[in-house]
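2 protein chains.
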Amino acid sequence: MSLQSPRSFRKSHELFERAAKVVPGGIYGHTSPAVMIPGAFPYYGQRASGSRYWDVDGNEYIDYMCGYGPMVLGHGHPVVEEAALRQQRDALCLNHPGAAMVELAETLVETVDFADWAVLGKNGSDMTTWAIQVAREFTHRKKILKAAGAYHGIDPWCTPGHAGLIEEDRAHIHDFNWNDLESFEARLKEFPGQIAAVILTPFHHPTFKPSVMPAEGFMKGIEAACQREGIVFILDDIRAGFRLHHGGSHRYFGFEPDLICFCKAIANGHPLSAALGRKELRIAASKVFLTGSYWQSPPPMAASLACLKVLREENAVETIRRVGTALMTGLVAAGAKHGYEMISSGPPALPLLTFANDASLRRQQRFCIEATARGAFLHPHHNWFVSAAHTDADVAETLRIADEAFAVLRESEGAKPAA
Amino acid sequence: MSLQSPRSFRKSHELFERAAKVVPGGIYGHTSPAVMIPGAFPYYGQRASGSRYWDVDGNEYIDYMCGYGPMVLGHGHPVVEEAALRQQRDALCLNHPGAAMVELAETLVETVDFADWAVLGKNGSDMTTWAIQVAREFTHRKKILKAAGAYHGIDPWCTPGHAGLIEEDRAHIHDFNWNDLESFEARLKEFPGQIAAVILTPFHHPTFKPSVMPAEGFMKGIEAACQREGIVFILDDIRAGFRLHHGGSHRYFGFEPDLICFCKAIANGHPLSAALGRKELRIAASKVFLTGSYWQSPPPMAASLACLKVLREENAVETIRRVGTALMTGLVAAGAKHGYEMISSGPPALPLLTFANDASLRRQQRFCIEATARGAFLHPHHNWFVSAAHTDADVAETLRIADEAFAVLRESEGAKPAA
Chain A
1 MSLQSPRSFR KSHELFERAA KVVPGGIYGH TSPAVMIPGA FPYYGQRASG SRYWDVDGNE
61 YIDYMCGYGP MVLGHGHPVV EEAALRQQRD ALCLNHPGAA MVELAETLVE TVDFADWAVL
121 GKNGSDMTTW AIQVAREFTH RKKILKAAGA YHGIDPWCTP GHAGLIEEDR AHIHDFNWND
181 LESFEARLKE FPGQIAAVIL TPFHHPTFKP SVMPAEGFMK GIEAACQREG IVFILDDIRA
241 GFRLHHGGSH RYFGFEPDLI CFCKAIANGH PLSAALGRKE LRIAASKVFL TGSYWQSPPP
301 MAASLACLKV LREENAVETI RRVGTALMTG LVAAGAKHGY EMISSGPPAL PLLTFANDAS
361 LRRQQRFCIE ATARGAFLHP HHNWFVSAAH TDADVAETLR IADEAFAVLR ESEGAKPAA
Chain B
1 MSLQSPRSFR KSHELFERAA KVVPGGIYGH TSPAVMIPGA FPYYGQRASG SRYWDVDGNE
61 YIDYMCGYGP MVLGHGHPVV EEAALRQQRD ALCLNHPGAA MVELAETLVE TVDFADWAVL
121 GKNGSDMTTW AIQVAREFTH RKKILKAAGA YHGIDPWCTP GHAGLIEEDR AHIHDFNWND
181 LESFEARLKE FPGQIAAVIL TPFHHPTFKP SVMPAEGFMK GIEAACQREG IVFILDDIRA
241 GFRLHHGGSH RYFGFEPDLI CFCKAIANGH PLSAALGRKE LRIAASKVFL TGSYWQSPPP
301 MAASLACLKV LREENAVETI RRVGTALMTG LVAAGAKHGY EMISSGPPAL PLLTFANDAS
361 LRRQQRFCIE ATARGAFLHP HHNWFVSAAH TDADVAETLR IADEAFAVLR ESEGAKPAA
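Heads up: the sequence lines are chains A and B, in that order.
Take the first sequence: its letter number 64 is residue 64 in the working numbering, and every next letter is one higher.
Take the second sequence: its letter number 387 is residue 387 in the working numbering, and every next letter is one higher.
It is worth saying that the hints were derived from the structure and are not from the lab.
Hints should not be assumed to be uniformly reliable.
In this list, chains with the same sequence are indistinguishable; a pair is considered to hold if it fits within one copy or across any two.
[Said to hold, decoys possible] Derived SDA-like pairs (lysine to any residue); straight-line CA-CA distance at most 20 Å:
1) K142 x L165
2) K11 x P78
3) K142 x I166
4) K220 x G161
5) K309 x H174
6) K220 x F114
7) K11 x Q364
8) K142 x R170
9) K209 x G161
10) K21 x D113
11) K11 x K309
12) K209 x P351
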């Protein structure tokens with residue numbers, strides 16, 4: 001079973017060959033499927049609009065990654081872009097915050113039910129690393145609990161990489177198992193009175209594996225234990241935030257954290273992140289130093305104000321849920337038609353399609369390569385992202401493409417489904 | 001001696017009162033003089049153009065902070081903004097890098113003499129934290145040496161804050177004294193074969209104190225010791241980069257590091273940072289995981305290509321040096337006219353003016369408040385930034401303003417210079 005694409009990525013390859021001379025690894029980060037399976041996916045992108053983008057060879061794709069999340073309203077949303085550009089013409093980067101910062105902090109605090117305050121950054125890692133410092137300052141404790149295999153950014157305490165780390169980076173970072181309250185309670189018993197924070201994503205989305213939703217009672221169990229033990233419950237909503245619920249993903253799943261981190265969808269692609277917290281954490285939050293280059297740049301804040309308004313007014317979350325559900329229901333049915341048992345995991349807004357009985361991921365990879373070659377960009381190893389710009393017509397086209405991709409797979413494997 | 005401004009900041013105050021309700025501390029980071037000395041400086045900015053900006057009350061300033069560095073060509077430089085906007089209309093945030101990333105990596109590697117490769121990020125801290133991981137991966141050693149009081153970002157290993165830290169964050173971070181090779185060599189003897197990297201800024205710019213240039217032989221001494229001991233020499237050029245020399249600040253001072261971090265002036269205010277290194281570090285660099293939200297966004301990369309081109313073609317570094325020298329020579333003379341001994345420290349491109357005999361900083365603060373009230377924004381506690389948009393007319397206006405500010409100070413102190 002070949003893992004080459006039937007489509008040409010000539011210009012992508014030429015650029016990658018140039019990049020390989022001056023960039024370690026050519027392309028880094030974000031588990032680029034082009035780098036992991038050479039010849040199978042485009043390396044470089046050119047332009048984008050709504051639910052579509054074009055690679056540097058001019059190939060068009062329905063975009064089911066949305067820049068790994070940010071494009072929640074689709075590429076180049078006119079209201080968001082106009083707000084950002086208007087601000088950008090006035091000022092890109094000043095010695096002081098702009099009025100947009102105050103308006104955005106007010107809007108965010110109104111948007112998130114338990115929040116008393118907000119701070120802003122540029123990346124996801126900025127906020128998760130700052131959040132654990134706030135928890136340590138508040139509790140005067142050292143230890144942080146997280147779910148094994150969860151992604152919380154690239155700083156040494158949490159990076160999924162292994163290189164350049166020293167043992168002290170994670171001396172007080174401890175794992176427990178997702179959806180396993182017993183393994184969580186075991187950590188509480190192991191470190192009585194020593195745990196500053198628990199940090200969790202709203203659902204579990206390990207790379208290379210199906211996503212796992214929180215089991216009934218899991219999040220409420222964590223919440224109750226944190227209240228009982230004086231532990232800060234941090235929701236890392238960087239990936240899912242504003243795609244599941246306008247007020248933060250805890251509302252979608254029915255629980256309440258103490259501190260929440262946003263990024264990705266907060267400004268429809270403009271660089272911004274945020275952390276919001278309970279009143280009790282405000283003094284600790286004011287003490288942990290927070291700044292950076294371009295930190296007070298108003299255009300992403302103006303973009304965020306516009307993005308949050310459109311999300312709310314157009315009930316984008318409901319559009320995304322509806323379209324994502326139609327997409328995944330259709331894909332599972334298309335697989336079944338060709339004799340494949342497909343698994344749709346995660347919420348419809350950030351879904352992932354995988355094959356049952358495919359430990360090597362070869363079927364998964366082949367299917368995504370064939371779908372991508374036909375114009376539906378499907379990532380084989382990472383959850384997908386649906387936007388409010390995706391239409392019923394996009395879904396219909398994707399299902400037609402998937403039918404062809406499953407047929408190619410079936411033909412290459414012979415008539416009977418392999419075990 | 002009052003520390004109130006004679007100018008009105010009514011709208012600034014109103015916004016700050018609103019912010020104080022929803023933002024811990026109201027405004028955080030970057031040692032905002034408005035927060036440190038209430039009533040003395042504007043809190044919020046509105047718009048900017050060239051060497052000027054306006055606060056939310058409509059007050060105009062000659063901008064000697066340039067957004068804490070980024071605006072090296074002045075606010076809203078037409079060539080940079082056009083390049084960024086053209087790219088932004090095509091694509092803000094894609095699943096893949098754009099061609100601009102390859103061009104920028106090539107340009108950066110051509111620009112920096114010792115560099116074989118480049119990677120990109122968004123903030124300064126992204127790059128300094130990644131750089132020490134690369135050094136640890138390359139050397140398989142743990143310890144990092146830095147100058148006491150130096151600023152390298154906000155991550156726990158280096159933040160100037162004290163809150164939320166645990167002892168393990170700095171278990172292997174050790175200080176030595178700036179310009180003191182003996183204290184450096186003492187650390188080498190204390191930790192033989194254990195030091196992964198030395199990280200230094202090209203000159204020393206502690207907040208609240210005069211800047212200190214590298215003494216003759218200091219940087220070359222560090223360089224030689226690093227070569228001898230197999231230590232990675234990291235130049236943190238985030239603040240000074242592209243203001244002192246087009247090819248990196250090591251060229252200005254005559255030495256050669258192994259790895260260099262840029263940010264600030266790299267894209268005239270568009271959010272981007274970079275790290276470049278020697279060939280020997282390439283494999284280690286490819287292993288240390290590096291990514292983040294909006295990481296592959298092409299507009300800041302297009303802005304950077306334009307910015308670096310303009311800097312080079314217009315010899316902006318020379319303009320900045322000339323204007324900065326005229327400014328500081330004139331300010332020292334203006335102080336002397338009113339009986340004040342002034343100290344100009346740091347390079348003319350990133351200068352700081354302080355008073356001799358002013359341990360409490362009250363004169364410094366009063367002078368900067370009076371100058372700012374008259375339209376020259378001078379920060380009392382942090383080095384300033386000169387841009388290529390600053391003109392001889394700006395300097396002349398600033399010197400006229402300074403003359404008035406010194407006169408006010410002199411009048412409030414009585415006729416004789418205080419000791």
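| request: Measure nothing new, just compare the shortest in-copy and cross-copy C-alpha distances for K21 and D113 to 20 Å and report within, between, both or neither. | output: between (50 Å within a copy, 16 Å between copies)
| message | Cα distance capped at 20 Å. Does K11 pair with K309 within a copy, between copies, both, or neither? | response | For K11 and K309, the Cα distance exceeds 20 Å both inside one copy (39 Å) and across copies (25 Å).
| task | Since the copies are identical, ignore which copy is meant and state whether K220 and F114 lie within 20 Å (CA to CA) inside a copy, between copies, both or neither. | result | within (15 Å within a copy, 55 Å between copies)
| task | Pop the pair K142 and I166 into one bin, within, between, both or neither, using alpha-carbon distances up to 20 Å. | result | both (17 Å within a copy, 7 Å between copies)
| query | Using 20 Å as the alpha-carbon threshold, which applies to K220 and G161: within, between, both, or neither? | reply | So K220 and G161 fail the 20 Å test inside a copy (31 Å) and across (34 Å) alike.
| Identical-chain pair category, K142 with R170, by Cα at 20 Å | both (11 Å within a copy, 14 Å between copies)
| said: Cα distance capped at 20 Å. Does K142 pair with L165 within a copy, between copies, both, or neither? | reply: Both: 19 Å inside a chain and 9 Å across chains, each within 20 Å.
| Using 20 Å as the alpha-carbon threshold, which applies to K309 and H174: within, between, both, or neither? | Neither, since 38 Å and 48 Å both go past 20 Å.
| field | Same-copy or cross-copy closeness of K209 to G161 [CA-CA at most 20 Å] | value | within (17 Å within a copy, 39 Å between copies)
| query | 20 Å Cα cut-off: does K11 pair with Q364 within a copy, between copies, both or neither? | reply | The answer is neither: 26 Å in one copy and 58 Å across copies each exceed 20 Å.
| query | Are the CA atoms of K209 and P351 at most 20 Å apart within a copy, between copies, both, or neither? | reply | within (12 Å within a copy, 54 Å between copies)
| task | Since the copies are identical, ignore which copy is meant and state whether K11 and P78 lie within 20 Å (CA to CA) inside a copy, between copies, both or neither. | result | This pair counts as neither: shortest intra-copy Cα distance 30 Å, inter-copy 30 Å.
Checked against the numbered hints listed earlier, the structure breaks hints 2, 4, 5, 7, 11; every other hint is satisfied.
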